[in-house]
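J.: Next come the chains, spelled out residue by residue.
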Amino acid sequence: MKRVDAPPHARWVRLGKTRVESRPLPALPHNILRLFTPTTYPMNPVFRAIAFVCLLANPLNVLQSTAAEPIKIGEIASLTGKEAAFGQSSHKGTLLAIEEINAADGVLGRPLKLITEDNQTKAGESATAARKLISRDQVVALLGEVASSRSLEIAPIAQSSKIPMVSPASTNPKVTAVGSYVFRVCFIDPFQGTVMAKFAREDLGLRRVALLTSVSSAYSVGLSKFFKERFLAEGGEIAIEQKYSEGDKDFRAQLTAIKATGVGGIFIPGYYSEAALIAKQARELGITAALFGGDGWEAPQLMAIGGTALEGCYYSTHYSAEDTAPAVQNFVKNYQARFGEMPDAMAALGYDSAFVLADAIKRAGGTAPDALRTALSATRDFVGVTGKTTIDADRNAAKSAVVVAIKYGRINFFKSVAP
Amino acid sequence: MEFFQQLLNALSLGAIYALIALGFTMVYGVLRFINFAHSDVFMIGAVVGSLLGNHLPLGTWWGGLVCLLGAMAVCALLGVIIERVAYRPLRNSPRLNVLITAIGVSLLIEYLFQNEHVFGAAPRSFPAVFPSIVWQWQGLTLSSSQLIVIGVALVLVVALELIVYRTRIGTAMRAVSLNPRAAQLVGINPNVVVTFTFALGSALAGAGGVLYALNYQSVEPLMGVMPGLKAFVAAVLGGIGSIPGAALGGLLIGGIETFIGGSQFSTYKDAIAFALLILILLFRPTGLLGRRIPEKV
Chain L
0 MKRVDAPPHA RWVRLGKTRV ESRPLPALPH NILRLFTPTT YPMNPVFRAI
50 AFVCLLANPL NVLQSTAAEP IKIGEIASLT GKEAAFGQSS HKGTLLAIEE
100 INAADGVLGR PLKLITEDNQ TKAGESATAA RKLISRDQVV ALLGEVASSR
150 SLEIAPIAQS SKIPMVSPAS TNPKVTAVGS YVFRVCFIDP FQGTVMAKFA
200 REDLGLRRVA LLTSVSSAYS VGLSKFFKER FLAEGGEIAI EQKYSEGDKD
250 FRAQLTAIKA TGVGGIFIPG YYSEAALIAK QARELGITAA LFGGDGWEAP
300 QLMAIGGTAL EGCYYSTHYS AEDTAPAVQN FVKNYQARFG EMPDAMAALG
350 YDSAFVLADA IKRAGGTAPD ALRTALSATR DFVGVTGKTT IDADRNAAKS
400 AVVVAIKYGR INFFKSVAP
Chain D
2 MEFFQQLLNA LSLGAIYALI ALGFTMVYGV LRFINFAHSD VFMIGAVVGS
52 LLGNHLPLGT WWGGLVCLLG AMAVCALLGV IIERVAYRPL RNSPRLNVLI
102 TAIGVSLLIE YLFQNEHVFG AAPRSFPAVF PSIVWQWQGL TLSSSQLIVI
152 GVALVLVVAL ELIVYRTRIG TAMRAVSLNP RAAQLVGINP NVVVTFTFAL
202 GSALAGAGGV LYALNYQSVE PLMGVMPGLK AFVAAVLGGI GSIPGAALGG
252 LLIGGIETFI GGSQFSTYKD AIAFALLILI LLFRPTGLLG RRIPEKV
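Line by line, the protein sequences give chains L and D.
Those letters in the first sequence? Residues 0 to 418, by my numbering.
Those letters in the second sequence? Residues 2 to 298, by my numbering.
One side only, chain D facing chain L, incomplete, derived with CB under 7 angstroms:
1) Leu14
2) Thr259
3) Ser267
Note that these hints are calculated values from the structure, not bench results.
C-beta: ideal position from N, C-alpha, C; glycine also.
Isolated chain L (complex conformation) (with noise of 0.2 angstroms):
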C-alpha cells in the first residue's frame, strides 16, 4: 500500500467517514481595477491626418457656421389609436403656429423645427416618446399632451431631465405639479367642475344628477371630483355614482342603473369616443335626462359617433370658433385654408402652447434650459386665439371657459365663465 502525501498547500478535512480536500482560494490580483482599465495604442499616424482632415472637411461644419441651426422642438400627440382626434387637431394646430412663426423668420433669427412622435393614445408609449425626443433629437422643449393621465407620463421626464414641458390642453392639476419645468397653457379642472356645476345648478336648473366617471383616466376621476364637490356645495345632490373604463364598449348596465333613479341630469367627465356611445345607448334605452361633459368631449369624432343622440347635450371647453375677436378669426381661416376644415378647441390649444413657446425663446435670449423655464414662467398677458394666458405661480393658465350647446346636429356658442 503506498501512502500518498498531501499537496503542502491542501489540508484533509476529516467529515464523518470521507476525506474531504479544502484548498485555499486563489489569491486575487492586488489590483482588480486594473484588470478592467482599457488598453490605448497609439494612433497610426496616416490614420489621425485623415481623421483630421475628415474633421475639416465636414459639410456640416461648414453648413452650421453659416446657415441658422434650427431650434429642435419635441412634441408628443396621440395622431393614431382611440383617442386620434385629440392628437390630430392639437398636432395641426401646433404645426400652423410653427409654419407662421418660421414664416416671419422665425424666433431669435432662427427657425424652428417641429419633432412630432406619436404615441397612438396606448399608455407607456408618451413615456418612451419623451425620453427618445430628449436624448436622440436633443430637443430644447416639449410640447402636450392632451390627455392628462399621458401628460402625467411625460411630465417627471421633463422634470427630471430639466426640458421644459408645455401640455396644451391637459386640465387635471396634478400634472404640472409634477415640477416646475412643466406647464400648461389652458384652465384646470377645478375651476372646470365649478363651472359645470353651476351651470347645472343655475342654467339646467337641475337639483339631482348622477355621475358616470372612467376610472383609468386621471382627467375623469378629477374632473368629476370636482364638480361633485361644487355641486353638493350648491345645494345638489349627487343620486348615483357609476363607473366604467376607457375602451368600454357596453355601458347599458351602467345607465339602466342611472335611469332607475330618474335623475334629471348626467354629467360624463369622460372622452368623447366613449361620451359619444354613452350618449347614443342612453338615448336608446329611453333615458332623456340631460346629459353634459367637459372639454374631452371637444372632437369633430364626437358628432360623428353621437349623431342625433347628442341633440341637447352640453359641454365645457376652452374657445368657440363662433368668437368674434379678429385674433380668433383670422386663426380660424388660416386653419380652414391650411387643413380644410373648421379648428376646434385642441388646435386652439395646440397653436397657443407654440406661441406661447416661442415668446419664450424670444424673451429668455436663447434655449438655455433654466432661462426658457424662468421666461415661461414670467408669461403675462399673452394674447392667443384662446383668451390671454398668464402662467401664474403654479405654472398653470387661468382662462374663461365656454359652455357649448348641441342644437340642431351643429354645436353652438351657449355661453363664456371668467375665471
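With the hints as your guide, set chain D onto chain L.
T.: Just chain D now, with coordinates in the frame of chain L:
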C-alpha cells in the same frame, strides 16, 4: 323593471361572447388546441362588414343580411387559409408549437391591420346597416340592434347544433373529436373535417364581429382582444370542447359582467367575472358542461 332591462342587456352581450366562444370550443374539440387568432378573425369580420356596409343601402333588413353573410363568408375563407398555411404544417408537431404559432398569427393580423395602408390604428365608425328601431314596453327598452344580436345568435347556434348532430360532416367532426385515429380508420379524411371546422368557427366569429360593431358602432384593429379573451374564458367556463357549454358560458360571462356593471362595484366587473371563473373551475375543473375524459396510458 330594472332587473329585466339588465337581463336584456346581459342577453345581447352574452350572445356575442357565445358566438365567439363556439369557434374556440369547436377547434379545441377537433384539434385540441386554442386558436388564438380567432379573436382577430372576429375583428376582420367587423372590418369586412363595415367595408360592405359602405356599399349597401343603409337601414334595410336585406342590406344588413347581405353584410352579415358577406362577412361570414370572407371570415370562413380566411379561417381555412390560416389553418392551411399556419397550422396544418405543424399538425404532427407538439401541441405547444401550434399554440405559439397561433399567437404569432394573431399578432401578425393585429399589427398588419394597424398599418395605415391596410386599415390604420384609428377607430372608424360602423355604418348602420340594419334598420334602427327602438321598442318601449312598460319601461323596458329594446333596440333593434339588441334584438338582431340575440336573434342571429340564436339562429346560428341552432344551425350549428343541427350541422353537428344531423349531418354526415357533423358526425365526422364528432368522430374525429372522439378519436382521430379510429375516425381515419373508418374512412374519414381528417383534413376535410379540420378545414370544415375552421370555416364554421370563423364564420361564427365573423358574424360576432359584425354584430358587435353594429351594437357599438366602431371598428378598430384591436377590438377583438378583449371580447376574444372573454369568449375564451366563456368557452373554458362552459367546458371547452362542448358546444352547449360555450353558449352557456358566453351567456354567463355576459350576465355577470352586466349585473356587476350595473351595481356599485362597476369598476371591478372584469375582476369579479374572472374571479368567479376561478371559483367555478376549482369545483368543476372540466367546466360546467364539460365531460371528464380519462387519460389512457
